[in-house]
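Enquirer: In case you want the letters, here they are:
2 protein chains.
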Amino acid sequence: MKKLINRPEDVVVEELQGIAYAHGDLVKVHYNPNFIVRADAPIKGKVGVISGGGSGHEPMHGGFVGMGMLDAACPGAVFTSPTPDQMLEATKAVSGGAGVLHIVKNYTGDVMNFEMAADLGGSEGIEVEAVVTNDDVAVQDSLYTAGRRGVGITVLAEKISGAAAEQMRSLKEVADICRKVNAQGRSMGMALTSCIVPHAGKPTFDLPEDEMEIGIGIHGEPGRTRMKLKSADEITEMLMEPVIDDLPFKSGDNALLFVNGMGGTPLIELYVIYRKAYQIAEKHGLKVVRNLVGSYITSLEMAGTSITMLKVDDDLVKLWDAPVKTPGLRWGA
Amino acid sequence: MKKLINRPEDVVVEELQGIAYAHGDLVKVHYNPNFIVRADAPIKGKVGVISGGGSGHEPMHGGFVGMGMLDAACPGAVFTSPTPDQMLEATKAVSGGAGVLHIVKNYTGDVMNFEMAADLGGSEGIEVEAVVTNDDVAVQDSLYTAGRRGVGITVLAEKISGAAAEQMRSLKEVADICRKVNAQGRSMGMALTSCIVPHAGKPTFDLPEDEMEIGIGIHGEPGRTRMKLKSADEITEMLMEPVIDDLPFKSGDNALLFVNGMGGTPLIELYVIYRKAYQIAEKHGLKVVRNLVGSYITSLEMAGTSITMLKVDDDLVKLWDAPVKTPGLRWGA
Chain A
1 MKKLINRPED
11 VVVEELQGIA
21 YAHGDLVKVH
31 YNPNFIVRAD
41 APIKGKVGVI
51 SGGGSGHEPM
61 HGGFVGMGML
71 DAACPGAVFT
81 SPTPDQMLEA
91 TKAVSGGAGV
101 LHIVKNYTGD
111 VMNFEMAADL
121 GGSEGIEVEA
131 VVTNDDVAVQ
141 DSLYTAGRRG
151 VGITVLAEKI
161 SGAAAEQMRS
171 LKEVADICRK
181 VNAQGRSMGM
191 ALTSCIVPHA
201 GKPTFDLPED
211 EMEIGIGIHG
221 EPGRTRMKLK
231 SADEITEMLM
241 EPVIDDLPFK
251 SGDNALLFVN
261 GMGGTPLIEL
271 YVIYRKAYQI
281 AEKHGLKVVR
291 NLVGSYITSL
301 EMAGTSITML
311 KVDDDLVKLW
321 DAPVKTPGLR
331 WGA
Chain B
1001 MKKLINRPED
1011 VVVEELQGIA
1021 YAHGDLVKVH
1031 YNPNFIVRAD
1041 APIKGKVGVI
1051 SGGGSGHEPM
1061 HGGFVGMGML
1071 DAACPGAVFT
1081 SPTPDQMLEA
1091 TKAVSGGAGV
1101 LHIVKNYTGD
1111 VMNFEMAADL
1121 GGSEGIEVEA
1131 VVTNDDVAVQ
1141 DSLYTAGRRG
1151 VGITVLAEKI
1161 SGAAAEQMRS
1171 LKEVADICRK
1181 VNAQGRSMGM
1191 ALTSCIVPHA
1201 GKPTFDLPED
1211 EMEIGIGIHG
1221 EPGRTRMKLK
1231 SADEITEMLM
1241 EPVIDDLPFK
1251 SGDNALLFVN
1261 GMGGTPLIEL
1271 YVIYRKAYQI
1281 AEKHGLKVVR
1291 NLVGSYITSL
1301 EMAGTSITML
1311 KVDDDLVKLW
1321 DAPVKTPGLR
1331 WGA
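Going line by line, the protein sequences match chains A and B.
Position 250 of the first sequence, counted from 1, bears residue number 250 in our numbering, the numbering being contiguous throughout.
Position 203 of the second sequence, counted from 1, bears residue number 1203 in our numbering, the numbering being contiguous throughout.
Just so you know, the hints here were simulated from the structure itself, not pulled from any lab data.
Heads up, some of the hints might be wrong.
Anything over 10 Å on all C-beta distances counts as not near chain B; from chain A, calculated [stated by the list, open to error]: (1) K3; (2) E241; (3) S251; (4) K318.
Per the computed footprint, the stretches of chain B lying under chain A, defined by three or more beta-carbons under 8 Å from a beta-carbon of chain A, are [said to hold, decoys possible]: (5) 1030-1044; (6) 1229-1240; (7) 1259-1268; (8) 1289-1299.
Using N, Cα and C, we set each Cβ at its ideal position, and we do this for glycine too.
Start from the sequences, fold in the hints, and give me the full structure.
Expert: Written out as structure tokens, the structure reads:
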């Protein structure tokens, strides 16, 4: 296992210490229970937006805490749901009296624990709404999921919902925006290599040197199919066509195109993928008006990519363009 | 060879097309000869700042073109110097009458070709100054270098020189700032795995499953030593101590600490490294007042990290903080 770590059981806390040293101007790190919170939280009258999930997907979610995006993020152990007490304490830390939105990726543990935290928050007088993301068109039901998995759209939902909250919109409005983003977004991913969970010390799955897996999950959950390696253009088609087929899209719609790296894939390859994805979108009459290219929702050192398409209207574009100031995503501030 | 590419000979042009599709608001891509230029270049009266080098180090340099950083970047083939005609055309494209600064990493081909381009630019009436970066303390002379290699400091030099040019400082002032950044910066890197050059189709070097290489170059050039894998903390010490020993630093100085990923290393590990690097800097009495954590100067899919320390004064900090708006580095705009 080739990793830049100390003891596997210390990876998450040491990462949090690194984040605290590097980004103390933007965020505070709370230990026991672990969460990362915006340095100026809570903000009176503003809806708090929080998310969380297993570690190993960085910069999601901890790297997205800051002005215009998340108010807090709860990191679990690697690929393991955070606990309800983390989520409850984060909820309380960001509660400014206008309610708190939980953005939850659709994995059984995350959904269950966030529900429990919402109940506990409610009994302490904090109004909580939850939105579960489930944008992965690859498979129905999976190792850790009933229904579809929540993947790339989560990054876009956190940005756009965070911008809506920053405009002091109500909890219902912010939650509706988040639901709309999820409803209008679809994703699919693929892997060239496996990730290695530090505790396990060996690849999550075996993939021969001449094979790839299409439709992989962000924890290495099985995808649709394994096959011999193909060209970047063929791979991009295999991801884009199911995404576009599944979208409530019609020719002439505007879209945000997000080409994501899984952690071990270099940026030069993501632009090769973006090129073809853009051409396919245009061929279908979809106008790509915004984009994101980079490794934002990762699977440790997995080599591979995922593509997310989000149908956008003027309101969503304005919220996307609004200033954001986080360690992982920043513009206009 | 597991890569998301089409034909190896098309990687760079297809990457450039992807960049053109994704970032047409910030940059224009020129083909034959290939260069990426700021969308609003040339800017009358502003010093043009350009850089370039082999592809495979993305986002450097093409991802750093935009307001407050580079005016243009010339990408060569993977790990191959761009040609003088690329550099000359880029120089002409960004010349606003105040001269052009060439920021050149110390590799023999890059230095020779940029010198030729500077001569050609001069004969067309454009005043050119060149600054060669050589911050890598690992080895003296190397596969492609006489003297020390230019590595991580190049990213910081491009940001800081670009900010100085944006303030309409003179060519001499911008070049002096760039020289100062190089003189006050030191770096060292290491690899857990090799990169694979697309044309070669196989790893540049072999590294057994239980070994790493300390002092590696960004093209896989030999480092100081190979040894059994160590912990992240031990590795960080092996990089930080030579960097600090070599710096013209004394206790109480302010520093910018840059922890860079080589392309295949996930962000979670970079924060583990950053944590220890920060602690070592503080132990030496150096105050880390700014930082950068992420994969900014990469070696394709190589897993590994490099650390750069830059001694900063108030002027350098202000230039670092100044707004920048590029695909790869962005804040305040």
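Enquirer: State for each hint whether it applies.
Expert: How the hints compare with the structure:
With a closest Cβ-Cβ approach of about 6 Å to chain B, K3/A is found to fall inside the 10 Å limit, against its non-interface label. The beta carbon of E241/A sits about 17 Å from the closest Cβ of chain B, which is more than 10 Å, so the claim that it is off the interface holds. Every C-beta of chain B lies more than 10 Å from that of S251/A, the closest at about 19 Å, which supports listing it as non-interface. Non-interface call for K318/A relative to chain B: holds, since the shortest CB-CB distance, roughly 16 Å, exceeds 10 Å.
Counting residues of the stretch 1030-1044 of chain B whose C-beta lies closer than 8 Å to any C-beta of chain A gives 0; at least three are required, and the coverage claim is violated. Only residues whose beta carbon comes within less than 8 Å of a beta carbon in chain A count, and the stretch 1229-1240 of chain B has 5; three or more means the coverage holds. Coverage of the stretch 1259-1268 of chain B by chain A holds in this model, with 6 residues showing a Cβ closer than 8 Å to a Cβ of that chain against a need of three. Three residues within the 8 Å Cβ limit are the bar, and the stretch 1289-1299 of chain B against chain A gives 4, so the coverage statement holds.
The structure shown violates the earlier hints numbered 1, 5.
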